[in-house]
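> So you can see what is in the structure, the chains are spelled out below.
There are 2 protein chains.
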Amino acid sequence: MKIVRSIAEMRDMVADWRRMDATVGLVPTMGGLHAGHLSLVHMAGERSDKVIATLFVNPAQFSADEDFDAYPRNEDDDCRMFEEAGASLLFAPPIEEVYPADHVTKVHVGGLSSLLEGEFRPQFFTGVATVVSKLLIQAMADVAVFGEKDYQQLQVIRRMARDLDIPTEIIGAPTVREHDGLAMSSRNRYLSEDERPRAAKLFSAISDIARATAEGADPAPLCDAAARQLTEAGFREVDYVTVRDAKTLEHYRCSEGPGRVLAAAWLGKARLIDNVAV
Amino acid sequence: MKIVRSIAEMRDMVADWRRMDATVGLVPTMGGLHAGHLSLVHMAGERSDKVIATLFVNPAQFSADEDFDAYPRNEDDDCRMFEEAGASLLFAPPIEEVYPADHVTKVHVGGLSSLLEGEFRPQFFTGVATVVSKLLIQAMADVAVFGEKDYQQLQVIRRMARDLDIPTEIIGAPTVREHDGLAMSSRNRYLSEDERPRAAKLFSAISDIARATAEGADPAPLCDAAARQLTEAGFREVDYVTVRDAKTLEHYRCSEGPGRVLAAAWLGKARLIDNVAV
Chain A
1 MKIVRSIAEM RDMVADWRRM DATVGLVPTM GGLHAGHLSL VHMAGERSDK
51 VIATLFVNPA QFSADEDFDA YPRNEDDDCR MFEEAGASLL FAPPIEEVYP
101 ADHVTKVHVG GLSSLLEGEF RPQFFTGVAT VVSKLLIQAM ADVAVFGEKD
151 YQQLQVIRRM ARDLDIPTEI IGAPTVREHD GLAMSSRNRY LSEDERPRAA
201 KLFSAISDIA RATAEGADPA PLCDAAARQL TEAGFREVDY VTVRDAKTLE
251 HYRCSEGPGR VLAAAWLGKA RLIDNVAV
Chain B
1 MKIVRSIAEM RDMVADWRRM DATVGLVPTM GGLHAGHLSL VHMAGERSDK
51 VIATLFVNPA QFSADEDFDA YPRNEDDDCR MFEEAGASLL FAPPIEEVYP
101 ADHVTKVHVG GLSSLLEGEF RPQFFTGVAT VVSKLLIQAM ADVAVFGEKD
151 YQQLQVIRRM ARDLDIPTEI IGAPTVREHD GLAMSSRNRY LSEDERPRAA
201 KLFSAISDIA RATAEGADPA PLCDAAARQL TEAGFREVDY VTVRDAKTLE
251 HYRCSEGPGR VLAAAWLGKA RLIDNVAV
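Residue numbers (our numbering), protein chains in the order written: chain A, 1 to 278; chain B, 1 to 278.
Don't take every hint at face value.
Here are the simulated DSSO-like pairs of lysine-lysine, each with C-alpha atoms no more than 30 Å apart in a straight line [to be verified]: (1) A/Lys149 with B/Lys106; (2) A/Lys106 with B/Lys2; (3) A/Lys106 with A/Lys247; (4) A/Lys149 with A/Lys247; (5) A/Lys269 with A/Lys149; (6) A/Lys247 with B/Lys149; (7) B/Lys269 with A/Lys106; (8) A/Lys149 with B/Lys149.
Every beta carbon over 10 Å from chain B, so not counted as near; a handful from chain A, in silico [claimed, not checked]: (9) Asp76; (10) Cys79; (11) Glu83; (12) Val104; (13) Gly111; (14) Ala129; (15) Val143; (16) Asp150; (17) Asp165; (18) Tyr190; (19) Glu232; (20) Cys254; (21) Gly257; (22) Lys269.
These are calculated hints, taken from the structure and not from any lab test.
Nothing here was measured: the structure is a model prediction, and the numbers come from that model.
Note that the Cβ used here is the ideal one computed from N, Cα and C, for glycine as well.
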């Protein structure tokens, strides 16, 4: 696996592949790799001849009080794991390659970006949409794979790519979970030994809501009850537990298509998010 | 010259050209063609084997009280002129091809977009940056040519394309003028017979400022005097007459690089803009 630091080198590699008629898949990550990320690389490999993994902790999606500095960074480990998973190229640019000092352009996805995560992290999705639009335009891959773990992010990226006419198919990959159901996340390492077993309650709570909603129950009281139960189980703050339309993330009506249960809650220093299909 | 209405047809044509190793130039326009537009097509033709002209009156860059409905539309005339100027393809999409009903993404160029024109037309540059980013991504041309007549727009587009890593070189083409110096513009047709000769005073005023500034004069009092003279000459409102840094459009300091004189003023129903180099 070759490692490049500049957009120009990455494009040269892609141009070489294109001359050989190879198809290209892209897997943008912020590193801190776990089995969830590797499943994205595997899925990209099933869909394309060559896979570019990217490793860039994007400052634009962190607010001043978030964990940009603490975010797990270990390029050597990440490299080894990407290579074993079958990536052909790692693009790991320095910040100034992505954001030159006079960079002033932002990509904003209206509507979707202001709901749920957007209420708690106001700049987050604009930061995500901006860096992902850049990575997509840099690579001009055939497919790009993102995890369903960050479900709202996946919908924002789908909409951005469609709206900007970026000719890359956006693919969502199923969430990879620990044995007890906890969604894998780079931020799980912020959980203490004591908190870790309780963290799985988030998944069991939203799974129960999904099952009951599918059977016709009114989701609103179920969500309220789940939030109370999470607090009783030691979550220090529940940002939301809600059932939404799976595509628009607006109010869910069972007659209008599939739903999605989404939740975000704090356990100790970790803000956990998760979601499941109704 | 072939005319296509869909992004897919345009991309198919470009893909055919790419297979023949042809280079591609793009000339985005809103129609209402005059010799200025044709100079852009000529310049694109000098720089690339094939030229795509686009014809799309972009609703996103008009505010509710502006002239979207009245904007000159005559596709037959425009087609004939594009073809004579040497365009290979005309892309003239309907609104819903560019903006599907659920289109929510905007491209915003910070800083530059809020100055000068941005003060008087708050949504304008975001509308321009959004549609131009889409057209650039749709065509993936080698070069795209825009007129210096819309100087601030040219700088916004340059910055947007650089910031989003769009691999198309942005080229500015010199303003084409009538015999008396009036910059050609689709909106000049809003001028009455009586107003038309007075319109040239805008160009002579900014040319005088450019000359005096280059010779070391303080531009601020010159700009104030020019605004008064334009009002005396029958301009009903002067939005701005100013000398700025040619690249950032911030405050001009002769020691920091080239300057640009920019002006916008209303004459009857026409809002005229113009600019010249210091």
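> Now tell me if each hint is right for this structure.
To see whether the hints hold, each was checked on the structure:
1. Straight-line distance between C-alpha atoms of A/Lys149 and B/Lys106 comes to about 25 Å, which keeps the hinted pair within the 30 Å bound.
2. A threshold of 30 Å between alpha carbons decides the hint, and for A/Lys106 with B/Lys2 the separation of about 35 Å lies outside it, so the pair is violated.
3. In summary, the hint linking A/Lys106 to A/Lys247 is supported, as the alpha carbons are separated by about 23 Å, within the 30 Å threshold.
4. Simply put, A/Lys149 and A/Lys247 have alpha-carbon atoms about 15 Å apart, close enough for the 30 Å limit, and the pair holds.
5. Under the criterion of a C-alpha separation no larger than 30 Å, the hint pairing A/Lys269 with A/Lys149 is consistent with the structure, at around 19 Å.
6. As the CA atoms of A/Lys247 and B/Lys149 are separated by approximately 43 Å, the hinted pair breaks the 30 Å bound.
7. At most 30 Å may separate the alpha-carbon atoms for a hinted pair to count; B/Lys269 and A/Lys106 exceed this at roughly 34 Å.
8. Pair hint A/Lys149 plus B/Lys149 does not hold up; C-alpha atoms about 48 Å apart against a cutoff of 30 Å.
9. No beta-carbon of chain B comes within 10 Å of the beta-carbon of A/Asp76; the shortest separation is about 27 Å.
10. Distance check on A/Cys79: its Cβ is at least 24 Å (rounded) from any Cβ of chain B, clearing the 10 Å threshold; non-interface status holds.
11. Listed as a non-interface residue, A/Glu83 keeps its Cβ farther than 10 Å from every Cβ of chain B; the least gap is roughly 26 Å.
12. Residue-level check failed: A/Val104 sits 4 Å from the nearest beta carbon of chain B, not beyond 10 Å.
13. Against chain B, the non-interface label of A/Gly111 is violated: not every CB pair exceeds 10 Å, the least being about 5 Å.
14. Distance check on A/Ala129: its Cβ comes as close as 7 Å (rounded) to a Cβ of chain B, failing to clear the 10 Å threshold; non-interface status is violated.
15. A/Val143, annotated as away from the interface, keeps every beta carbon of chain B farther than 10 Å; the closest lies near 17 Å.
16. Separation of A/Asp150 from chain B is adequate, the least Cβ-Cβ distance of about 18 Å exceeding the 10 Å criterion.
17. Chain B draws A/Asp165 into its interface by the beta-carbon criterion, the shortest separation being 5 Å against a cut-off of 10 Å.
18. Every CB of chain B is more than 10 Å from the CB of A/Tyr190 (nearest about 32 Å), matching its label as outside the interface.
19. Distance check on A/Glu232: its Cβ is at least 38 Å (rounded) from any Cβ of chain B, clearing the 10 Å threshold; non-interface status holds.
20. Interface exclusion of A/Cys254 from chain B stands, the closest Cβ pair being 21 Å apart, more than 10 Å.
21. Residue placement check: A/Gly257 keeps its beta carbon more than 10 Å from all beta carbons of chain B (closest about 14 Å).
22. Distance check on A/Lys269: its Cβ is at least 33 Å (rounded) from any Cβ of chain B, clearing the 10 Å threshold; non-interface status holds.
When each numbered hint is compared with the structure, violations occur for hints 2, 6, 7, 8, 12, 13, 14, 17.
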